[in-house]
Amino acid sequence: MEVSSGREHLYSDTELDLLEGQVIEDLKAASQEPISDPDSWLDEELSQNVLLTRLDWIINWGRRSSMWPVICFPACCAFEFISVMGPRFDMGRFGMEVLRASPRQADLLITAGTLTWKMAPNVRRIYNQMAEPKWVIAMGACGISGGIFRSSYNVVPGYNRIVPVDVYVPGCPPRPEALLYGIQMLQKKIARRGNFANGGQP
Amino acid sequence: MTTSLLTTEVAKQINEHLPGAVVETTDAAILVNGNSLLDVADFFKNTAGLDFDYLTTITAVDYYQYFEVIYLFVSMEHNHSLVVKARCSRENPSLPSLVSLWRSADHQEREIYDLMGITFEGHPNMKRIVLWPEFQGHPLRKDYL
Numbered sequence: 001m002e003v004s005s006g007r008e009h010l011y012s013d014t015e016l017d018l019l020e021g022q023v024i025e026d027l028k029a030a031s032q033e034p035i036s037d038p039d040s041w042l043d044e045e046l047s048q049n050v051l052l053t054r055l056d057w058i059i060n061w062g063r064r065s066s067m068w069p070v071i072c073f074p075a076c077c078a079f080e081f082i083s084v085m086g087p088r089f090d091m092g093r094f095g096m097e098v099l100r101a102s103p104r105q106a107d108l109l110i111t112a113g114t115l116t117w118k119m120a121p122n123v124r125r126i127y128n129q130m131a132e133p134k135w136v137i138a139m140g141a142c143g144i145s146g147g148i149f150r151s152s153y154n155v156v157p158g159y160n161r162i163v164p165v166d167v168y169v170p171g172c173p174p175r176p177e178a179l180l181y182g183i184q185m186l187q188k189k190i191a192r193r194g195n196f197a198n199g200g201q202p
Numbered sequence: 001m002t003t004s005l006l007t008t009e010v011a012k013q014i015n016e017h018l019p020g021a022v023v024e025t026t027d028a029a030i031l032v033n034g035n036s037l038l039d040v041a042d043f044f045k046n047t048a049g050l051d052f053d054y055l056t057t058i059t060a061v062d063y064y065q066y067f068e069v070i071y072l073f074v075s076m077e078h079n080h081s082l083v084v085k086a087r088c089s090r091e092n093p094s095l096p097s098l099v100s101l102w103r104s105a106d107h108q109e110r111e112i113y114d115l116m117g118i119t120f121e122g123h124p125n126m127k128r129i130v131l132w133p134e135f136q137g138h139p140l141r142k143d144y145l
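Sequence order for the protein chains is A and B.
The first sequence begins at 1 in my numbering and counts up by one.
The second sequence begins at 1 in my numbering and counts up by one.
These are computed hints drawn from the structure, not numbers from a lab.
No experiment lies behind these values; they were computed from the predicted model shown.
Among the hints, erroneous ones may be present.
A partial selection of chain A residues facing chain B, derived with a Cβ cut-off under 10 Å [stated by the list, open to error]:
(1) Lys118
(2) Asn122
(3) Ser152
(4) Tyr153
(5) Asn154
C-beta atoms are modelled at their ideal positions from N, C-alpha and C, and glycine is treated no differently.
Hey, can you work out the whole structure from these sequences and the hints?
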């Protein structure tokens with residue numbers, strides 16, 4: 001007695017077996033010789049394995065692609081910086097996800113927040129401890145000019161009173177995109193730097 | 001929730017033990033004589049039923065003619081609170097320190113000294129806390145420019 005499966009098949013079971021066997025036969029027929037190992041470039045001419053570049057360019061490339069910020073965030077812009085560090089905006093895309101607790105291992109000082117005169121000597125000291133070459137981004141209205149606290153008795157009117165600033169990022173606080181744009185501007189600035197000619201000046 | 005004590009009843013208790021200490025009583029606070037502030041505070045801390053074991057806040061106000069210092073006492077045991085005020089003149093801005101009773105008064109009295117220029121007698125370390133020692137003047141006074 002024939003048992004119906006209740007379904008209409010395009011191929012019978014026998015035909016399916018034959019098709020599957022044909023695939024194996026085809027692959028086996030096409031695989032009689034081993035594929036050569038991808039090492040033929042080892043024997044190629046030296047000219048295809050040498051990259052010519054300027055020493056300036058390669059040094060600047062290394063520097064701008066691995067800027068490590070020091071942890072020095074005196075006030076509230078730090079929270080905007082934290083979101084830049086986080087997965088949503090992800091500063092690590094630009095080679096600077098490594099925050100350094102020691103200024104001696106850092107290249108970049110991001111001045112996230114209002115600076116009081118009482119705190120100013122400590123920020124100055126952190127900047128002095130950073131190894132050359134080093135850069136500073138003034139983040140937010142307070143970092144640029146003291147912001148709304150400019151006329152206060154205890155607020156430094158702009159970080160450029162105590163450290164040289166390379167890039168100013170306005171906003172109160174700046175959007176994370178703005179800080180990322182400022183970082184990219186600094187990277188462009190570093191790319192133009194001359195390390196040997198002109199006494200190290202761009 | 002912390003309930004605030006009735007100022008009139010507490011003022012009555014103070015008057016029984018320390019006559020002349022209370023200057024004025026309003027719904028919100030008890031104004032005490034500056035000279036007897038330390039005695040009143042000691043009474044608050046060591047009287048059964050009051051037991052103010054926690055001094056949460058001290059602030060100061062510049063009213064041009066005089067300064068007013070405001071203390072907020074809380075009892076963790078009974079979960080009640082009380083506001084006490086004391087005044088000092090502009091010519092002699094000085095009040096007794098409460099550090100000997102509550103250590104929480106330490107930094108707050110130093111901050112008031114720093115920004116308002118009120119000296120707290122008996123404070124173990126009466127120096128500036130927010131600003132640096134060479135700073136001239138007291139910035140939260142109304143006549144500071």
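Outcome of the hint check:
1. Interface restraint check for Lys118 of chain A: the shortest CB-CB distance to chain B comes to about 6 Å, inside 10 Å, so the restraint holds.
2. Hint on Asn122 of chain A is violated. Least Cβ distance to chain B is approximately 12 Å, over the 10 Å limit.
3. Given hint, Ser152 of chain A at the interface with chain B, holds; its Cβ is 8 Å from that chain's nearest Cβ, closer than 10 Å.
4. Annotation: interface hint on Tyr153 of chain A holds; nearest CB of chain B at approximately 5 Å, less than 10 Å.
5. A cut of 10 Å between beta carbons decides the hint on Asn154 of chain A: the least distance to chain B is about 6 Å, and the hint holds.
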